[in-house]
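Colleague: One letter stands for each residue in the lines below.
There are 2 protein chains.
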Amino acid sequence: MDFGTEFKPLTVQPQEIEGKSFEIITEELGEHSFTPEQYPIVQRIIHASADFELGRSIVFNGDAIEAGIRSIRAGRPVVADVQMIQAGVSKERLERFGGGIHVYISDPDVIEEAKRLNTTRAIISMRKAIRAAEGGIYAIGNAPTALLELIRLVKEGLAKPDLVIGMPVGFVSAAESKDELRKLDIPFITNIGRKGGSTIVVSAINAISIMAANRE
Amino acid sequence: MDFGTEFKPLTVQPQEIEGKSFEIITEELGEHSFTPEQYPIVQRIIHASADFELGRSIVFNGDAIEAGIRSIRAGRPVVADVQMIQAGVSKERLERFGGGIHVYISDPDVIEEAKRLNTTRAIISMRKAIRAAEGGIYAIGNAPTALLELIRLVKEGLAKPDLVIGMPVGFVSAAESKDELRKLDIPFITNIGRKGGSTIVVSAINAISIMAANRE
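Quick mapping for you: the protein sequence lines, in order, are chains Y and D.
Counting from 45, one number per residue, gives the positions in the first sequence under this note's numbering.
Counting from 45, one number per residue, gives the positions in the second sequence under this note's numbering.
Some hints here could point you the wrong way.
Which copy is meant is left open, because identical chains are indistinguishable; a pair holds if it fits in one copy or across any two.
With a straight-line cut-off of 27 angstroms between C-alpha atoms, the simulated BS3-like cross-links for lysine-lysine are [unchecked claim]:
| no. | residue 1 | residue 2 |
| --- | --- | --- |
| 1 | Lys172 | Lys135 |
| 2 | Lys159 | Lys135 |
| 3 | Lys64 | Lys159 |
| 4 | Lys204 | Lys227 |
| 5 | Lys135 | Lys204 |
| 6 | Lys199 | Lys227 |
Just so you know, the hints here were simulated from the structure itself, not pulled from any lab data.
Work out the full structure: start from the sequences and follow the hints.
Modeller: Now the structure itself:
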């Protein structure tokens, strides 16, 4: 097949584009109060959203980043609320340590149980996750009900996540669910307000898994 | 397994949450210049991003929405640049008309060809897509190089997409690639500036597929 005008080899490679983007972000963000360990995560979140307001609203608690790195290096699972996160996360870096990423929201038993209890599949998927494994990273980018259920399970001592990345997006309960998360004294990464979403959560997980890989 | 405090059945169902969210969006957005046909798409984009600035920056050209509806109803493919879009799109509504969503960026032949030509997999995935089928909806949320290549293929008469949804996010070439798209006189949906991403593109595709399904 003829593709028309022969294109030239790229003069700028993808890695260079990422490097240039990170430079622009650092320059335009200016002063901030993130630690040198936190900043790469914020930088990737801004890279994935082009949203400095969102970047500035990121909140870290406890030894969130170290806890995340330890969890990945121990091969413990990442649990996400929606398939988009699973699709976006760099699985190779998780699998290198024996881990992986799991989403239970479309499992037949989850769908059936949600129907039976007249509740959301997102809630039941969190219940299934805590049965499947202890610890791990819980990454929520879409469903406030998943985050609220996880918070309840933590409060009742039934869930013991290594790290919670809680960034559901939306107009009903999303900001409130994150307000509730911030009241917990466990390792978490979240943001203040309505914004969030799968791409943001993916960039946070990938940032931490890069750090985990670089420890080798 | 004991899940602690028995939870109450939800008093608010997911559909009600969506309805309430749409009400809040309409109220807070206030005056705008979108047509009644365009507005549901903008509304879903704001719903997926909680970002009114992004919502206001959406641009439609030609008979973009009708072209998208026709394409889906004719069972023509949706082509996306990244797997996250494939994961997020409601496939059942596309398949109902015999269509589906395709992502070529991780295909072995695409990877090999990109290496051989020293270019990006995103570019080669667009070339593979135009070989695979005529027409269809091209949905780009991540890679400016994919959008720029698609624009080149359109200009040279090699690609004839029914609709282009062009919303790559980022700091290098993303805004510029959308500026180039806006110079074409073909049906497109895009936004002005650096923002965008997979979740935004997914909400646009889903909004159009809902319209397509409602025509029945």
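Colleague: The structure should be examined with respect to each hint, and the outcome stated for every one.
Modeller: Quick rundown of the hints versus the structure:
| no. | hint | in the structure |
| --- | --- | --- |
| 1 | Lys172 with Lys135 | both (21 angstroms within a copy, 25 angstroms between copies) |
| 2 | Lys159 with Lys135 | between (31 angstroms within a copy, 22 angstroms between copies) |
| 3 | Lys64 with Lys159 | between (49 angstroms within a copy, 22 angstroms between copies) |
| 4 | Lys204 with Lys227 | within (16 angstroms within a copy, 53 angstroms between copies) |
| 5 | Lys135 with Lys204 | within (23 angstroms within a copy, 35 angstroms between copies) |
| 6 | Lys199 with Lys227 | within (11 angstroms within a copy, 55 angstroms between copies) |
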